[in-house]
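K.L.:
With chain A's structure known, arrange chain B on it following the hints.
Sequences listed follow chains A and B, in order. Residue numbers for the first sequence follow this note's numbering, beginning at 1 and rising by one. Residue numbers for the second sequence follow this note's numbering, beginning at 1001 and rising by one.
Quick caveat, the hints were computed from the structure, so don't treat them as lab data. Hints should not be assumed to be uniformly reliable.
As the list claims (entries may be wrong) - Far from chain A by the CB rule (all over 12 Å, computed), these chain B residues:
id : residue
1  : Glu1085
2  : His1089
3  : Gly1099
4  : Ala1137
5  : Ala1149
6  : Val1339
7  : Ala1409
What the hints assert, rightly or not - Beta-carbon label-pair distances, calculated as ranges:
id : chain 1 : residue 1 : chain 2 : residue 2 : range
8  : A       : Glu55     : B       : Thr1269   : 56 to 62 Å
9  : B       : His1104   : A       : Ser11     : 39 to 45 Å
10 : B       : Lys1207   : A       : Lys49     : 34 to 40 Å
11 : A       : Pro40     : B       : Pro1211   : 38 to 44 Å
12 : B       : Pro1211   : A       : Gly76     : 53 to 59 Å
Said to hold, decoys possible - Covered by chain B, per the in silico footprint, the following chain A stretches (three or more residues, Cβ under 8 Å):
id : region
13 : 14–21
14 : 24–31
15 : 49–63
Using N, Cα and C, we set each Cβ at its ideal position, and we do this for glycine too.
Read off the chains here:
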Amino acid sequence: MSLLLFVVHRSAAAQNERGAQLAAMCASCHRLDGRDHGIPSITGLDEKKLVETMEAFRSGKRSSQIMNVVARSLSGEDIAALAAYLAVQPKGAEQP
Amino acid sequence: MNSWTRRQFGSLAGAACLAAVAPRVARGQAKARVVIVGGGIGGATVAKYLAMSAGTIEVTLVEPKPRYTTCFFSNLYLAGIRSLESLTHGYETLTQRYGIDVVHDSAAAIDPVAKTVALKSGATLPYDRLVLAPGIAFKFGAIEGYDEAATGIMPHAWIAGPQTELLRRQLEGMEDGGVFLIVAPPNPFRCPPGPYERASMVAYYFKQFKPRAKILILDAKDSFFEQDLFQDAWDRLYPGMIEWLPGQFTGAIKSVDVKGLSVKTEGDTFTGAVVNFIPPQAAGELAQQAGLADQSGWCPVEPTTFESKLQPGIHVVGDAALTDEMPKSAFVANSQAKVCAFAIAAALTGSDRFGPHLFNTCFTFLAADDAVSDAIAFEPTEGTIKISEILISQVGEDAEIRRRVVQQANGWYDAFMHDVFG
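This is chain A alone, in the form it adopts within the complex (with noise of 0.2 Å):
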């Protein structure tokens, strides 16, 4: 039993960390404290929003160079757990 928990702990412990690395990936364009100075923010979202988003620029139905490439990229279950983490984040500060 208590294996069998440790083993769902860890691979809930292991999404998180697949949705960490995967959104360490979008800090280098999007600030992930919640501030926008004219990339929009993608943290504190509705994490089902997230995916469609995401979708949405890998089938080429939104257009984007940069989002474009990079969601291509993604596999659906990086997807998932990119956006699982992010909606969780928080929206963080008041705009300056």
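P.N.:
Coordinates of chain B only, in the frame set by chain A:
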């Protein structure tokens, strides 16, 4: 009890747990130590992401300069659009928020057997893993007459700071009608669009203040990155001002006469009122000394960890790394640094790592309200790194699209600096 005896006597469940989480550095031992030499984009990013992702690793960043001025966007300073101060960043947050030990000193020597870095001050830093992010060195002596002393008269301005200020002063002091000569280096070099963005940004300045001035680019190459975008912009925005001479036209750049401000090629000698000589480049000196560079002058690395192919336990990120189709850009250095940090954390603490996800985006200015960009994804393939997808701005785009790229570029700079130093 160490992990070996625990494994011997532990239950099946216990053994399974250990297999999954056992850190390479057992509990009770000192923290694993990672030393990073070079506080540019690659080095600072590795330091921050290691400190964030693994609290059990002691992170030391060695960098002689108290503050870092970004080479990217420094052409905007030459154009008079941005101050150099706005491109300069300190290390305080890395220390205060992430607990990184920032040592303002230079690395003098590396001992890969004893696993130590000797500092100029005389101190010695032991490490479990070492990361070198030494950036570029100039191949002084590759072109006759261009040595370190020559940079005081013909600045390269390819490492931002005093060199960039010197070039700006020279441009300000230049008479209207003078010729600004740019010597562009052979591949590979830091920032592929850089020399041509520089021509565009100086033309932007000349157009306002010295409209009769000319810009002549003497190139070692026969083509360059985003050439169609630049040539379109030069015709559109600065007609008759910028001339580009490819390597096949000039022969090769043979020598410089520093006092005469002239550059001799196979066929001709060209003289400028201001000469910006961007020399051929190689990996930073420390990488050469430590035996990390191959015959190319750059450091071959494993594409999923950025561990040196020549010296195990030492990683190289950023411009110094030999990574095939990845350009030498700040974005690439940052992207490599994260992959490297997660790989080191996995090796030292047993944490998971995913990916690698490697990207590049460059924003390139053609005028204050006209910029272009590229987006590239990379894939590690057969020991090297190849482009898997690339999208680039197009000739003939609407002015509104280009203005939006300018806004994106400024937003990106803010977020990127926050990612590296914030």
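K.L.:
Against which earlier hints does the structure fall short, listed by number upward?
P.N.:
6, 7, 10, 15
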